[in-house]
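Engineer: Numbered by full-length UniProt numbering, the letters in the sequence shown go through residues 1 to 913 in order.
No lab work stands behind these hints: they were computed from the structure.
Here are the computed lysine to aspartate or glutamate pairs in the EDC-like style, where the Cα-Cα straight-line distance is at most 16 Å:
1) 251 - 428
2) 797 - 834
3) 797 - 780
Restraint-style ranges between C-beta atoms, simulated for each label pair:
4) 159 - 342: 28 to 36 Å
5) 480 - 130: 15 to 23 Å
6) 515 - 562: 22 to 30 Å
7) 616 - 515: 43 to 51 Å
8) 877 - 774: 21 to 29 Å
9) 219 - 483: 31 to 39 Å
10) 223 - 352: 22 to 30 Å
11) 130 - 427: 24 to 32 Å
12) 291 - 515: 20 to 28 Å
13) 552 - 734: 52 to 60 Å
14) 426 - 296: 48 to 56 Å
Using N, Cα and C, we set each Cβ at its ideal position, and we do this for glycine too.
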Amino acid sequence: MTSRDRRTLPTSPFDGGGPQAHPIPIRSPDTGRNAAGSYGTHAFLLQGTGSWHPAEKAPESALTASLLQDEEACPASPPEGAWAPSSPLHPASSLMRSTSRTTRLLSTIQEEQAAVEAKVATARRAPTPASKAIVFGLVNAVAAVPSLIAYAAIVFKDPIYTPYLDLLCKFFFVSSAVHQLVFVCLSALPFAIGQVQDVGLIFMSAMATSIAGLATAQGQGADVALGTSLLTMTISTTVVGIATLLVARYKLAELVQYLPLPVIGGYLGFVGYFCIASGLALACSVSIDTISSWANLASVDALTKLVPAVLSTLAMIMTMEHFNHPLALSGVLTTIVLAFHAGRLLLGWSLEDAMDRGWVLRPAEGKQEFWELWSLFNIHDFKLDGILVSAGLAQIGKLAGLILVVCFGSCMDVAAIQQDLPERIDFDHELVTVGVSNVITGLTGIGYCGSYIFSQTIFTMRAGVFSRWNGIMVAAVELTIFLLPFSIVQYMPNFFFGALLVWFGVEISRDWLFLSFYKLTRIEYGVLWLTFAFVMQLGLEGGIFAGIVLATLYFTYAYAQSQISGLRIFHTMTSNVVRTMDQQAALQVFATHCVVARFQGFVFFGSAHALSRRMDVVAGALVSDPSAGDADAPPPAELALAEAAARTGEAFSGTRHTQAVAALRAAPRFLVLDFTRVRGMDATGARTFAVLCRDLLALGVTPLLAALDHHGAALRYAEDQYVSTAVRYGLCRPPLARLTLADLVRAHLDKLPVVAPGAADDVAATLVQYLDSRVLQYGEVLWRLDAPAQQMFIVEKGSLRVDQHRFGAAAAADRAEDPDAGVVSAEAAGRSFELGPGCVAGSTDFFLARPHGSQAVCSSPVARVLALTRQGLTRLAAEVPQVLAVLQVIIMRANTLDLTVAAEVGHAGQVGD
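Whenever a hint applies, use it, and build me the whole structure from the sequences.
Structural biologist: Dropping the structure here:
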């Protein structure tokens, strides 16, 4: 992707401070380009926000005009007066106006995209006349040739290469011609334009400059430095081509794009700066290598030459922004050259005078035919005596960077072209084309890295030129210039090439160093600028490496922050054990003594310390007295009992109050560390949590680790300890291995005296006549998923495990895989509960007359349940309705408590399962 192409602003997965931005490229009909990928202006619609975020001044197009219409002209879908003026749904509200503009915008985009696709489809069906393709080939060639000369000036900017610059430009012409011919032969896109591009030129320039410095330091001449540079670049281009082929062969394009975007942005920002500095240095005949060397522009001669360079740059920019005719830019470029020669003649200067004054490059001495250019490699009789091999080998680090940026740029090129095509491109095939063209140019000794020229490719496609004659004509023009016995460089002023470079640099720098501010988080934008500064200070390899390190550190910080912010603290205790009423009421007394901390992601060195500090704060709150220092505040025990009474209806007064206060003082405090959602932990994280557990024990808080080996055991253990404490202080009865029906009825009727005292035994004796007794063995299924709910059950002995079904596509797919199996798999079960003696099971589905949404299995060696069938329910209602009313009260109390527990589970999640 060249400086002529790269207009797509970066977007970030970490878009802090607002909604996630999903850019929609706005195609600008007045430039004939994709506004998100051309010189033209662009804007992005943030989907879901209904607002516009312009990146630049909008283009003067039909689309832009529709966006800038007076807001009162926007039609409002609801009738006037339907809502109050203050309502956000009122037609005059900003919300409705914004929504209307958004809808109208999307409609306009779809219409323009449909028009482009229709034009492309029509052009594909109808063959493009050869004459039209040849004309557009000439236009593309005229636009490409000046850029190639400017690129040569970038690569060989060291003064040691200046005498050879006009000859070196010819290498760029023939290299681009070979690239173009390969694209004509191999690309699936008949309108493809493939040329030497600027994305890798900075690395090649760094190679050439480094080799020049090493050669000079060792006392070697310009011929050795030039030969070494040419050979190094040829080999590098070949290696880049092979690497691109490997990327396409093994489908590694996504891996190449894993380079952090701020690092790429910082590098491209340096590319822009480098183009500006090189362009001004070329135009003003001065050296600009460092920040301090910009002072060289302060001379009268330099300022005189700077004026036409700046004016030429402005002319190019204004032409691209205000004219869409294909010959507009070519006409301006030609006018600049003609204006220079007209001024030269008015001043009475000959071409030789202009060369003497530094306005035009002086051609190499003597006449040199094109086949003699390869002698510049300084290789004689296939010996490397004229090559400084050590200087070439010193460029291996730069070669690695060159491979990365060229592969990345090529992937971006193909992706950008795909945006404007209605049909899918074979991504890997086009990368193969890029790779082959680089390999061929490298092996023929004319290698400079090339790829698609996105802007010219899309320009040709939108013009309806679906003929390979277009590419053939571009290559023919470049080959003709290469074959000429003279150099065209001597007829063009230096400020012309300098203005081209400055134009490229301004466009790239503006997009990446400034406009990217709106598309990156603030930290990422800072990483981009730091990468740019590091490249300036440390060079390409060191700067890019430093940028990657910064991006990695930022990711580490951001991921650690997401873990810390994702830490959830729950003050409710909910295991998967359904306990009796008195036990659950007792557990509510100890609710403030247990806290659950749920972690997520990967616990590592970047987050472990902060998480540990949070746990210290939570543990401190567990053991602290919130009433300390406040004489009017009630003691913690009173607060806990009041909250428990409000939740369960239990009255804690008299002796029971004394027992509860004593139990609270004796009860242990637990901090459950739930690692259910933790995907991994490094050694630092493990060590930090080991130290945390030691510190918690020192505070008097017992740490319980959940979801490590025994799932669900942590909260069950804590609840068992609290039940044991409650039993010891008389707050509830001890858990029984067997709870008779009479005991169950008595436990509920003691709280709700709906019958006479002492009648519980008679109610139980009557009720048991309508119930069927059933004994289950371990693993035996009591009911299956989707089975008709013809019975409800009361657990009298042992325990049941109820696997609650997770409704949705996951469970449906699970059943589809094994339709004959009535057992719910672990993947389909959403949550499991354990029901012990005294618990009611299956009553909800039974009374709603719907299939079971769960599965019940015996989880103890032996279990005994009492079953009420529909026939038994009918008989009970007809014969002893008073007993049925008592049974309904019992079930209502049990289900009400279950609903409370379910609400807590839904809010906090079940720990350790």
